[in-house]
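For the record, the sequence lines run as chains D and A. Numbered per the working numbering, the first sequence spans residues 1 to 478. Numbered per the working numbering, the second sequence spans residues 1 to 265.
Because the hints were derived from the structure by calculation, they are not lab data. There may be inaccurate statements among the hints.
[What the hints assert, rightly or not] Heads up, simulated DSBU-like pairs for lysine-lysine below, C-alpha to C-alpha not over 35 Å straight-line:
1) 367(D) x 440(D)
2) 237(A) x 207(A)
3) 22(A) x 117(A)
4) 192(A) x 237(A)
5) 23(A) x 137(D)
6) 132(A) x 139(D)
7) 137(D) x 190(A)
8) 207(A) x 139(D)
9) 367(D) x 388(D)
10) 440(D) x 132(A)
11) 207(A) x 132(A)
12) 117(A) x 23(A)
13) 22(A) x 54(A)
14) 207(A) x 137(D)
15) 22(A) x 139(D)
16) 192(A) x 109(A)
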Amino acid sequence: MNWWSSERRIPVSNCYWIVAIVFLLAAPSAFAARIGDLSETTVLEQAARFFTFQDPAVRMALIGCILLGICCGLLGTFIVVRQFALVGDTLAHAVLPGIALGYLWSLEKAPLPLFIGAVAAGIIGAVVVSLIRQTTKTKRDSALGIVLGGFYGVGILLISIIQERYPRDVAGLKSFLFGSAAALNESDVWMIGIITVVSVVILVLFYGQFKVVSFDGVYARSIGISAQFFHYLLMLLLAWAVVAALQAVGVVLVSAMLIIPAATAYLLTDRLHWMLLLSTCFGILVAAVGAFLSFLGPNLPTGPFIVLTASAVFLLVFAFAPRHGLVSRWWRRLKQTRQITRENSLKAIYHLQEAGGFAEEWITIEKLSEQRHRSAEETQQEVTSLVKHGLVLRDGNRLQFSPTGKSRAAEIVRNHRLWELYLTDRANIAPDHVHDDAEKIEHILGEETIRRMEESLNLPAVDPHGSQIPQVKKEVTS
Amino acid sequence: MAESESESPALEVHDLTVAYHKKPVLWGVDFEIPAGNLVGIVGPNGAGKSTLIKAAMGLLPLSSGWVEMFGEPLEENRHRVGYVPQREDIDWDFPVSVMDVVLMGRYGKLGLFKWPKKEDRRVAEESLAKVKMLPFANRQISNLSGGQQQRVFLARALAQESDMYFMDEPFAGVDAATESAIIDLLRDLKSKGKTVFVVHHDLSTVKEYFDWLILLNTRLVAHGPTEEVFNPDMLGKTYGGQLTVMTEVAEALARDDGLDATRRH
Numbered sequence: 001m002n003w004w005s006s007e008r009r010i011p012v013s014n015c016y017w018i019v020a021i022v023f024l025l026a027a028p029s030a031f032a033a034r035i036g037d038l039s040e041t042t043v044l045e046q047a048a049r050f051f052t053f054q055d056p057a058v059r060m061a062l063i064g065c066i067l068l069g070i071c072c073g074l075l076g077t078f079i080v081v082r083q084f085a086l087v088g089d090t091l092a093h094a095v096l097p098g099i100a101l102g103y104l105w106s107l108e109k110a111p112l113p114l115f116i117g118a119v120a121a122g123i124i125g126a127v128v129v130s131l132i133r134q135t136t137k138t139k140r141d142s143a144l145g146i147v148l149g150g151f152y153g154v155g156i157l158l159i160s161i162i163q164e165r166y167p168r169d170v171a172g173l174k175s176f177l178f179g180s181a182a183a184l185n186e187s188d189v190w191m192i193g194i195i196t197v198v199s200v201v202i203l204v205l206f207y208g209q210f211k212v213v214s215f216d217g218v219y220a221r222s223i224g225i226s227a228q229f230f231h232y233l234l235m236l237l238l239a240w241a242v243v244a245a246l247q248a249v250g251v252v253l254v255s256a257m258l259i260i261p262a263a264t265a266y267l268l269t270d271r272l273h274w275m276l277l278l279s280t281c282f283g284i285l286v287a288a289v290g291a292f293l294s295f296l297g298p299n300l301p302t303g304p305f306i307v308l309t310a311s312a313v314f315l316l317v318f319a320f321a322p323r324h325g326l327v328s329r330w331w332r333r334l335k336q337t338r339q340i341t342r343e344n345s346l347k348a349i350y351h352l353q354e355a356g357g358f359a360e361e362w363i364t365i366e367k368l369s370e371q372r373h374r375s376a377e378e379t380q381q382e383v384t385s386l387v388k389h390g391l392v393l394r395d396g397n398r399l400q401f402s403p404t405g406k407s408r409a410a411e412i413v414r415n416h417r418l419w420e421l422y423l424t425d426r427a428n429i430a431p432d433h434v435h436d437d438a439e440k441i442e443h444i445l446g447e448e449t450i451r452r453m454e455e456s457l458n459l460p461a462v463d464p465h466g467s468q469i470p471q472v473k474k475e476v477t478s
Numbered sequence: 001m002a003e004s005e006s007e008s009p010a011l012e013v014h015d016l017t018v019a020y021h022k023k024p025v026l027w028g029v030d031f032e033i034p035a036g037n038l039v040g041i042v043g044p045n046g047a048g049k050s051t052l053i054k055a056a057m058g059l060l061p062l063s064s065g066w067v068e069m070f071g072e073p074l075e076e077n078r079h080r081v082g083y084v085p086q087r088e089d090i091d092w093d094f095p096v097s098v099m100d101v102v103l104m105g106r107y108g109k110l111g112l113f114k115w116p117k118k119e120d121r122r123v124a125e126e127s128l129a130k131v132k133m134l135p136f137a138n139r140q141i142s143n144l145s146g147g148q149q150q151r152v153f154l155a156r157a158l159a160q161e162s163d164m165y166f167m168d169e170p171f172a173g174v175d176a177a178t179e180s181a182i183i184d185l186l187r188d189l190k191s192k193g194k195t196v197f198v199v200h201h202d203l204s205t206v207k208e209y210f211d212w213l214i215l216l217n218t219r220l221v222a223h224g225p226t227e228e229v230f231n232p233d234m235l236g237k238t239y240g241g242q243l244t245v246m247t248e249v250a251e252a253l254a255r256d257d258g259l260d261a262t263r264r265h
């Protein structure tokens with residue numbers, strides 16, 4: 001599989017963390033065996049049966065799930081980046097009447113009639129959505145909702161009728177609602193395999209076209225790529241993927257299999273080819289784990305377990321993703337808050353020294369806590385943090401700046417006063433309106449912005465409130 | 001058309017009418033633009049400026065009329081046309097890098113089943129360098145300022161190596177650095193004999209930027225060299241409100257069977 005690497009050279013170092021994450025996320029499969037703690041021997045037996053792969057039913061289920069994981073992961077990526085999630089869901093529900101009619105036609109669970117029926121129903125559903133949108137002022141989401149509910153209702157009705165007429169054969173059909181990986185037989189797996197291979201080949205051949213069309217359909221047309229053709233091709237592949245996943249995941253939850261692995265990948269990367277790869281990995285992972293879990297008990301549906309696994313993986317990534325994850329965001333914010341607190345303490349010390357005309361460098365901790373409006377205890381903590389970061393020197397109850405602390409304090413005060421001056425002078429904002437703003441801005445102004453403001457204001461000496469603006473000389477390291 | 005290509009106008013639009021949902025937004029527009037000009041398309045909101053360039057590129061169905069580029073039908077010259085769409089129409093969270101977007105400009109020339117080659121990469125890098133965005137090549141596109149995003153779109157159009165460009169409000173909401181970068185680029189394109197159409201909003205810069213103007217207000221008000229048509233009289237006609245009768249008729253057409261019916265008679 002080197003088709004994306006020809007597209008872009010990927011720094012090797014990037015690969016490691018992705019591999020690491022995939023391994024990390026693979027952990028739940030080991031974890032899952034703990035369901036055996038329920039002390040039901042049958043569960044353990046089932047697990048053993050699953051992992052020895054002796055049973056052909058297990059092999060079929062696993063191969064089928066891995067294939068549909070690939071198929072759904074790849075197509076799901078395009079669904080997610082094109083904001084087509086509801087389209088996938090609608091298509092999945094719309095195929096149900098086709099399945100029921102296909103079943104009625106052959107009166108058994110033969111893959112081909114079901115496939116034809118499902119794809120036909122999917123296409124009719126898509127056409128009905130277009131018709132509703134073109135002939136009325138109904139918006140896209142409502143049109144999709146109408147088709148989703150309407151077709152699904154017809155499907156349920158047909159299945160009830162079939163249940164009534166042919167009560168013995170119902171078991172096979174019922175698995176289409178909530179999915180049963182165990183019910184996959186060899187011909188089902190062949191069908192899923194063919195669908196997956198064809199989808200992968202088409203997506204690889206037309207990767208560039210799909211990318212351009214998904215990003216900007218109008219631009220694609222301007223360079224002679226038929227946005228409409230690739231849109232319908234994608235819809236057709238999507239209908240196939242839905243059919244491939246139906247047996248194992250079920251009509252109701254198949255769209256989750258399309259959306260969640262891709263959405264999880266989207267949390268981790270901002271490159272389409274990486275997203276396709278990660279989404280495929282997640283697809284395989286959750287389908288296999290879900291299939292395993294549903295094997296542990298008798299008559300457990302596969303769909304819910306696959307979707308639950310997918311949701312768990314999504315939550316894990318959501319929490320621990322390196323850049324946008326909850327934990328890392330929380331950690332960054334905490335670090336930032338602490339830095340701002342330290343800088344505010346430095347500023348307070350500077351103000352105290354300034355009030356004394358810089359005659360006395362040592363400031364008592366009591367004075368600092370008074371200036372900061374903080375309790376003695378809080379101030380002690382702040383001072384400890386300042387000392388730890390080498391910003392102040394402490395001598396019993398007194399403190400003074402270290403050289404770095406001094407220049408940082410001067411920077412903060414300068415930033416504050418410069419910003420106030422800039423607002424009053426250049427933006428014509430009243431002097432009594434600028435202070436609160438500057439309290440925040442002082443911590444985030446960059447060197448470059450400062451330099452431009454100083455230039456623009458001709459190295460000013462005094463701020464709008466008459467206070468001296470400190471000149472910060474970058475100390476030359478000797 | 002016995003003319004040789006050098007004598008053919010770069011763009012000829014004949015009796016062009018475009019309707020959205022049967023409601024005409026451009027009426028019977030006619031003009032010929034000689035090659036090698038910087039052409040400003042100017043008019044009030046809703047005048048059909050974007051519609052005009054989209055229709056010229058064949059991106060909208062025409063109710064009537066035809067468009068020729070370099071004396072030939074559009075389809076035969078598709079590869080000679082570059083497009084800079086409006087920035088707002090795009091999902092900027094889309095997972096692609098700046099380089100990916102610029103390479104999209106090469107897909108029209110690539111054909112099916114092909115991947116971008118070294119040559120395509122080289123052209124894309126050159127195009128990025130021209131708009132001073134090469135250092136950003138590996139950035140994700142949402143991490144760019146509005147002006148930078150605009151320059152990425154310009155680079156993508158440049159990577160198409162076209163003879164004619166259509167730019168939809170490239171100056172809208174960009175910083176001064178980007179504005180001057182675009183201007184340099186326009187002059188560079190003109191010096192190479194390219195024809196550039198620019199939908200433009202800022203009347204104060206029209207005279208400085210463009211040597212040909214199309215004044216539009218759902219109909220063609222005037223077109224010609226800037227010094228001839230850029231005068232208070234013409235601007236008054238362009239911005240003096242839409243002709244109320246035309247608006248009323250347009251709405252009537254939208255209610256009825258519209259142009260289809262009128263054309264059948």
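Hint by hint, where does the structure go against what was stated? Just the numbers, ascending. Hints 3, 6, 7, 8, 12 and 14 not satisfied by this model.
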